[in-house]
Amino acid sequence: MSRIGVFVCHCGTNIAGTVDVARVAEAMKAEPGVVFATDYKYMCSEPGQQMVKDMIKEHKLDRIVICSCTPRMHENTFRKMLKDTDVNPYMLEIANIREQCSWVHTDKEKATEKAIALARMAVAKVGRDFPLFTSTIPIHKKALVIGGGIAGIQAALDIADAGYQVTLLEREPSIGGRMVMLDKTFPTLDCSACISTPKMVEVSAHPNIELRTSCELEDVSGYVGNFEVTIRQKARYVNHDICTGCGLCETKCPTKVISEFNQGMSERRAIYKSFAQAVPAKPVIDPDHCRKLQEGKCGVCQAVCPLKAINFEDKDTTFTDTYGAIIVSTGYQLIQWQDLYPEYGGGRFKDVISGLQFERLVNASGPTEGHILRPSDQTEPKDVVIVKCVGSRDPKKGKSYCSRACCMYAAKHAHQILEKIPDSNVYVFYMDVRTPGKGYEEFYDRTRKDGANYIRGRVAKIYKEGGRLICRGEDSLLGRQVTVEADLVILETAMVPADGIGEVVHKLGIAMDADGWVQEAHPKLRPVETQTAGVYLAGTCQGPKDIPDTVAQASAAAAKVCGLFSKSEMETSPMTSKVDQSKCCGCGHCEVCCPYKAITLVEIDDREGPKKIRRTVASVNSGLCQGCGCCAAACRTGAIDLLGFTNDQILREVDALCQ
Amino acid sequence: MQFSYYPGCSMDTTGITYKLSIEYICSKIGLVLHEIPDWNCCGATAAHSKNKMLALALPARNLAQAEEEGLDLDVAVPCASCYSRMKHTVVAARQDENMRRKLEEIIGMPYKAKADVLNFLEIFSRPEMKRACQEKMYRTLKGMKVACYYGCLTSRPVEVTGASSTENPMEMDEIVALTGAEPVEWDFKTECCGASHQVDAPKAARPLIERIIRNAKANKAQAIITACPLCNLNLDMREGEINKAKGTRYDLPVYQFTELLAVCMGAGAKDIGIHKHFFPAFDLLNEYLRKAGD
Chain W
1 MSRIGVFVCH
11 CGTNIAGTVD
21 VARVAEAMKA
31 EPGVVFATDY
41 KYMCSEPGQQ
51 MVKDMIKEHK
61 LDRIVICSCT
71 PRMHENTFRK
81 MLKDTDVNPY
91 MLEIANIREQ
101 CSWVHTDKEK
111 ATEKAIALAR
121 MAVAKVGRDF
131 PLFTSTIPIH
141 KKALVIGGGI
151 AGIQAALDIA
161 DAGYQVTLLE
171 REPSIGGRMV
181 MLDKTFPTLD
191 CSACISTPKM
201 VEVSAHPNIE
211 LRTSCELEDV
221 SGYVGNFEVT
231 IRQKARYVNH
241 DICTGCGLCE
251 TKCPTKVISE
261 FNQGMSERRA
271 IYKSFAQAVP
281 AKPVIDPDHC
291 RKLQEGKCGV
301 CQAVCPLKAI
311 NFEDKDTTFT
321 DTYGAIIVST
331 GYQLIQWQDL
341 YPEYGGGRFK
351 DVISGLQFER
361 LVNASGPTEG
371 HILRPSDQTE
381 PKDVVIVKCV
391 GSRDPKKGKS
401 YCSRACCMYA
411 AKHAHQILEK
421 IPDSNVYVFY
431 MDVRTPGKGY
441 EEFYDRTRKD
451 GANYIRGRVA
461 KIYKEGGRLI
471 CRGEDSLLGR
481 QVTVEADLVI
491 LETAMVPADG
501 IGEVVHKLGI
511 AMDADGWVQE
521 AHPKLRPVET
531 QTAGVYLAGT
541 CQGPKDIPDT
551 VAQASAAAAK
561 VCGLFSKSEM
571 ETSPMTSKVD
581 QSKCCGCGHC
591 EVCCPYKAIT
601 LVEIDDREGP
611 KKIRRTVASV
621 NSGLCQGCGC
631 CAAACRTGAI
641 DLLGFTNDQI
651 LREVDALCQ
Chain H
1 MQFSYYPGCS
11 MDTTGITYKL
21 SIEYICSKIG
31 LVLHEIPDWN
41 CCGATAAHSK
51 NKMLALALPA
61 RNLAQAEEEG
71 LDLDVAVPCA
81 SCYSRMKHTV
91 VAARQDENMR
101 RKLEEIIGMP
111 YKAKADVLNF
121 LEIFSRPEMK
131 RACQEKMYRT
141 LKGMKVACYY
151 GCLTSRPVEV
161 TGASSTENPM
171 EMDEIVALTG
181 AEPVEWDFKT
191 ECCGASHQVD
201 APKAARPLIE
211 RIIRNAKANK
221 AQAIITACPL
231 CNLNLDMREG
241 EINKAKGTRY
251 DLPVYQFTEL
261 LAVCMGAGAK
271 DIGIHKHFFP
281 AFDLLNEYLR
291 KAGD
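Sequence order for the protein chains is W and H. The first sequence begins at 1 in UniProt numbering and counts up one residue at a time. The second sequence begins at 1 in UniProt numbering and counts up one residue at a time.
Some hints could be false.
Subject to a maximum C-alpha distance of 25 Å in a straight line, what follows is the list of computed SDA-like cross-link-like pairs (lysine to any residue) [unchecked claim]:
id, chain 1, residue 1, chain 2, residue 2
1, W, LYS396, H, SER165
2, H, LYS217, W, ARG472
3, H, LYS220, W, THR379
4, H, LYS145, W, ARG468
5, H, LYS217, H, ASN243
6, H, LYS220, W, GLN378
If you anchor each label on the Cβ, the simulated ranges turn out as follows [what the hints assert, rightly or not]:
id, chain 1, residue 1, chain 2, residue 2, range
7, H, PRO207, W, LYS396, 25 to 31 Å
8, H, ARG126, W, GLY466, 50 to 56 Å
9, H, GLN95, W, GLY347, 45 to 51 Å
10, W, LYS256, H, TYR138, 42 to 48 Å
Rather than coming from a laboratory, the hints here were simulated on the basis of the structure. As the structure is a prediction and not an experimental result, all values here were calculated from the model. Every residue, glycine too, gets a C-beta built ideally from N, C-alpha and C.
With the hints as constraints, model all of the structure from the sequences given.
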């Protein structure tokens with residue numbers, strides 16, 4: 001016979017003000033199995049906990065019911081308390097008579113009745129509780145960082161500096177991401193490359209970091225502490241072990257290709273390094289454009305390479321490694337505005353460019369060596385229009401969200417134009433100016449004082465007349481149409497998740513929001529974690545943000561990983577699903593509905609009468625299982641039970657409620 | 001090929017060249033248009049600015065008349081405004097069964113909303129129509145640079161018209177290219193021509209015409225091509241007036257796209273009413289027909 005103790009908390013007047021706690025305790029004494037019941041002012045306090053412990057000894061209690069606040073608040077507190085006693089920490093039930101009773105009711109009589117009902121349910125359930133024991137899993141102290149932009153770089157460096165091994169994965173031939181494309185960063189006007197390239201070099205030289213460029217995620221299995229990850233190394237056609245990066249091949253390659261790094265405004269060769277400070281500082285061959293690989297002719301690079309590092313036979317390879325934690329830092333790209341905004345010329349006008357193109361134009365290492373020149377005729381523009389929120393805050397055509405960084409870099413663009421072209425006019429069409437950040441408002445203020453004309457309204461149409469671009473829009477402060485003639489138009493376009501994020505998310509078993517950004521575990525309190533234990537987020541893969549926020553988040557994700565790695569074993573919650581294989585029919589419904597990919601179908605040996613047979617049944621990986629219970633609900637033969645919430649326990653609760 | 005046909009009020013008056021050129025093409029390629037018997041006004045701007053149900057019911061009656069004929073054909077509508085009003089009715093009746101029943105009640109006859117409403121750009125965009133036109137053309141306007149002007153109502157609102165693009169449609173460009181004329185890339189394809197405001201609010205509306213003509217001219221067009229009697233009238237009638245008032249020298253004749261097709265099929269100027277244009281329209285056609293060796 002079980003020996004149940006019931007402890008009813010007053011929570012000051014929080015509960016006792018609306019619920020007659022003494023009556024609840026009294027009523028519980030009559031419940032079967034209850035040998036002791038009492039009420040107390042603060043059950044979670046030190047003397048409260050001591051009283052519970054004392055009563056356990058005195059009455060030889062083996063199961064405990066606490067009637068108090070939500071289990072989210074203090075279930076762990078009481079479980080810890082039970083560790084010092086003979087009672088198993090999972091032989092504990094919390095009846096939530098605060099959030100679900102006293103706080104939401106005013107009628108004391110009825111609230112007391114409800115509290116008694118809730119307590120009775122908990123007593124019924126605790127009677128069917130059985131001891132559960134936590135187990136531990138080993139933690140493989142090596143982290144995988146997916147995406148080598150500033151977020152990935154920062155996270156990798158922080159983890160590596162803490163003394164742990166890191167693999168940094170980048171699908172492009174060089175790390176650096178978007179930040180290294182930028183000219184200057186707001187609001188301090190630091191040279192973006194000057195502050196990011198030293199970090200890139202540090203990554204390549206760090207003894208704890210394994211840098212893997214031209215690589216993509218192929219497959220992920222396993223669970224926190226023990227992810228088995230397969231990575232595809234794309235063929236580079238250049239043996240980086242031999243290549244010294246002398247660059248002779250690049251100068252001799254006859255094939256010119258539009259440069260992605262310079263946003264289509266210059267050319268590179270088919271064998272190329274994305275940019276001068278690329279890390280690793282060694283070229284790769286672009287197989288889609290290389291004449292040798294496409295047509296079998298040429299091979300000039302192979303002929304001129306003094307070290308014979310060129311290998312046209314190179315193939316994609318895969319390798320597998322084990323990681324304890326994974327950070328996703330896949331970043332963003334700019335929205336393809338051309339299809340969405342035909343009224344802005346839809347890409348027909350060469351002098352209507354994106355903000356990122358302008359960054360390359362104004363950059364000293366860009367296609368114009370930092371001179372702001374129109375792409376169409378290489379002349380210096382005198383009148384420049386900047387259009388904000390192209391694709392952002394425009395649910396009908398683009399995205400409903402604000403891309404957060406554009407207001408500031410629009411101000412920076414205006415400032416740079418006015419600085420480099422002293423007699424220029426800059427017009428900024430805006431909806432709102434949003435500058436929440438240290439020194440941001442001051443920077444915007446300064447840009448206006450520099451002479452930038454801010455016009456509140458959207459641009460309705462951009463068209464061309466007499467070689468100039470005409471921007472027609474609304475000045476909503478004056479309440480009338482305005483047209484501005486411009487030589488150059490810069491569209492500050494929306495950030496969207498990087499191409500291929502869907503595949504990464506799918507392989508990791510994490511979630512995306514409606515716009516394709518990776519979903520954090522909690523928007524406020526767990527911003528760098530995902531729903532999958534051991535997978536963390538950093539930077540713009542989670543949503544639009546600027547560089548300071550990205551770096552902060554990257555360090556936060558790294559701290560989470562270091563926290564995980566500080567232990568060599570991890571305690572796992574015992575409240576996971578369990579399959580009764582004798583009842584399982586192997587239908588696989590549970591496998592489909594499991595959000596954590598914790599269930600697999602396995603074959604087992606069984607008997608059917610005298611016959612030996614092989615049978616398919618479900619099997620739960622308790623390392624991956626988060627105890628959500630979807631499988632238990634989906635199981636049609638009742639073979640799956642969620643430990644701590646078994647079907648039997650829940651039915652007892654229902655019975656108790658319906659007495 | 002056959003259609004039910006709703007001419008609307010402009011086809012015998014301001015849209016006479018549209019009507020004559022359509023009829024000419026029909027006679028050449030065997031396109032048959034069955035005029036809806038006893039048709040009424042589409043409601044135009046007046047109805048929908050006063051009463052939503054009236055604006056839907058007036059076209060509903062026309063469409064119901066066409067159904068009553070029992071020909072089971074889609075309805076061809078030359079005027080962009082008529083087209084817009086009738087398309088609104090079809091969409092409203094198809095989206096909402098209660099609305100359809102209500103319309104039946106108002107017009108006092110059955111209306112099933114089965115037939116589609118098509119403007120002549122949609123009709124001539126069909127591959128078989130293009131093929132048929134191509135076969136009957138023996139003259140070309142090779143090298144004549146034209147700005148295809150669609151106006152607003154053939155494409156907007158997109159929820160009703162289902163147009164492929166509201167900013168840079170290409171249907172007319174493709175049809176006109178059959179004549180050898182070269183459509184230019186320009187930016188005012190779907191801007192408003194001012195519509196009836198050219199009559200009641202000329203001060204505000206005239207600049208709308210001028211900027212269309214100016215942009216066509218700036219992009220090296222020699223003529224503007226339309227697909228709507230009112231767009232055509234506004235541009236054609238006001239161009240000279242603008243030149244006079246502002247001292248500009250715009251010199252772009254304004255044709256319906258069907259006029260170009262008809263001319264290339266052999267229509268004489270009087271057959272399709274080239275002499276009825278306000279802005280001189282004969283010389284340019286003549287020049288290019290002669291250049292091409294006709």
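So, going through the hints one by one against the coordinates:
1. W:LYS396 / H:SER165: holds (15 Å)
2. H:LYS217 / W:ARG472: Distance of about 19 Å is within 25 Å: holds.
3. H:LYS220 / W:THR379: holds (23 Å)
4. H:LYS145 / W:ARG468: holds (21 Å)
5. H:LYS217 / H:ASN243: Distance ~13 Å between LYS217 of chain H and ASN243 of chain H Cα, so the pair holds.
6. H:LYS220 / W:GLN378: holds (24 Å)
7. H:PRO207 / W:LYS396: 25 to 31 Å: At 28 Å between Cβs, range holds.
8. H:ARG126 / W:GLY466: 50 to 56 Å: violated (38 Å)
9. H:GLN95 / W:GLY347: 45 to 51 Å: Once the Cβ atoms are compared, 34 Å apart, the range 45 to 51 Å for GLY347 of chain W and GLN95 of chain H is violated.
10. W:LYS256 / H:TYR138: 42 to 48 Å: holds (46 Å)
Violated hints, in rising order: 8, 9; the structure is consistent with all others.
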